[in-house]
Amino acid sequence: MKFEPISGRELPRFSGIKTFFRLPHVAIDAGYDLGIVGVPFDGSLSYRPGARFAPTRIRELSALGRVYHWERRLNFVEHLKVADLGDCPTVPIDVMKTYGAIENYFSKLLTLNKKFISVGGDHSTTLPILRALYKKHKKPLAFIHFDAHLDTYPAAWGCEYHHGSFLRHAIEEGLVRGDLTFQLGLRGPLAGQEDLDFVKKHKLNSWTVEDLRTSPLESFTKKINKQIGKVPTYLSFDIDCLDPAYAPGTGTPVVGGLTTYETQCLLRRLAVPLVGADVVEVSPPYDPSDITSLAAVDTLFELINIFALSQK
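For the sequence shown, the working numbering assigns the number -9 to the initial residue and increments by one for each residue that follows.
Just to be clear, a hint being listed does not mean it is correct.
[Claimed, not checked] Within a straight-line C-alpha distance of at most 20 Å, the following computed SDA-like cross-link-like pairs (lysine to any residue) qualify: (1) K98 x R121; (2) K212 x C255; (3) K(-8) x R56; (4) K191 x R167; (5) K8 x I18; (6) K129 x P222; (7) K105 x E(-6); (8) K216 x V265; (9) K193 x G182; (10) K190 x A145; (11) K129 x I214; (12) K190 x G164; (13) K212 x L202; (14) K129 x G164; (15) K212 x A261; (16) K125 x P263; (17) K216 x C255; (18) K105 x A91; (19) K216 x G168; (20) K105 x F291; (21) K87 x H159; (22) K8 x M(-9); (23) K71 x R121; (24) K(-8) x N65; (25) K212 x G164.
[As the list claims (entries may be wrong)] Each pair of labels, with its calculated beta carbon distance range: (26) A261 x K190: 27 to 33 Å; (27) D169 x R259: 16 to 22 Å; (28) D185 x P278: 30 to 36 Å; (29) K213 x S279: 31 to 37 Å.
Calculated directly from the structure, the hints in this document are not laboratory data.
A virtual CB, placed ideally from N, CA and C, is assigned to each residue, including glycine.
Based on the sequences and whatever the hints tell you, model everything.
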């Protein structure tokens, strides 16, 4: 099988069955290197719903994608076999059953020694994926976290598990290292100063948009690359790290965010050993003109190229 997209010069990009980047849709045990998986779940959101529809919409918009990275001078299909694996099973009305389904799915994928990018879905879906990765690697991962929010918050409404608490659980469960957690794009008011206690206790590297704007972006990626070294790494990209001008279609938008160009620059300067990644919190019902989904497609492209670069 050729792991190449259908050419837009042969079949127009608005036509055909939709897959991520028009790549082949294959079974989980096929001969690909990197699988893109939809995780359609938004049962842990605290504000605006709709992220369950993101995998389908991002697939459709990714028909506009290409394979050659102009800045990197890299054609990812020459270095990496990439495929669409379809969607992971979820239970839309039950968080814990969904967590179990996600962990089981990605555990199976990892027993096949595959790498992956997950397309959510709300940010709570990252936690069961990290649990599966911990079982595989037997040690906590480095963690790169693009987000407007800390996501280390306490229980809400008596519920421990929600999209704003996944990172707290990941650190408390020993799935990721606090000292090798790098948060980029944080901003906005907090409920109180105590929200920072967890960050300080576990020595997270947490950078606000103000931090990123007052120093060269390259200084942050150099620090990340150097500190992570060869530690297996997971990258989680919450679309709300972007300013709502660039990504209005998200559950909890926060003004004053990063631009799409700034996140491109950051992603292009990362050189870390990714074992998995995700793009989450896109909400198509709140996405006029599909600009948020298009930003997600662009992020997926940058992530694929980080994986491909490691194969050169």
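### Message
Output the indices of the hints that this structure fails to meet, ascending.
### Response
Going through the list in order, the structure violates hints 23 and 25 and respects the others.
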